[in-house]
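K.L.:
Sequence:
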Amino acid sequence: MPTWVVAVIAIAAVTATYFSCVRPMLRGRSHCGAPAGRDDLDRQIAELREEVRVLRAQEVLDGDR
1 MPTWVVAVIA IAAVTATYFS CVRPMLRGRS HCGAPAGRDD LDRQIAELRE EVRVLRAQEV
61 LDGDR
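In terms of the numbering used here, the sequence shown opens at residue 1 and continues consecutively.
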């Protein structure tokens, strides 16, 4: 394979990485491979954990009757 073909492939890979990972990360939108809505996901997990805690507490109270 000619050297120029390898160079073009390498430049294309670097360009794709820049536009899909580095540039969005610098703008604060997301990280490469990470979901953009991380805060939303953390909030949903906290709400579900609270719901499980409430249901377990209700189960304990119902078991005492």
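Hints are supplied without guarantee of correctness; some may be wrong.
Unchecked claim - Between beta-carbon pairs, the in silico distance windows are:
(1) ALA16 - VAL54: 23 to 33 Å
(2) MET1 - ILE45: 40 to 50 Å
(3) ARG56 - ARG23: 20 to 30 Å
(4) ALA13 - GLU50: 36 to 46 Å
(5) MET25 - ALA46: 24 to 34 Å
(6) ALA16 - ARG38: 18 to 28 Å
(7) ARG56 - THR17: 30 to 40 Å
(8) TYR18 - GLU59: 35 to 45 Å
Quick caveat, the hints were computed from the structure, so don't treat them as lab data. Don't be surprised by glycine CBs; every beta carbon is placed ideally from N, CA and C.
K.L.:
Name the hints, by number, that the structure is in violation of.
P.N.:
1, 3, 7, 8
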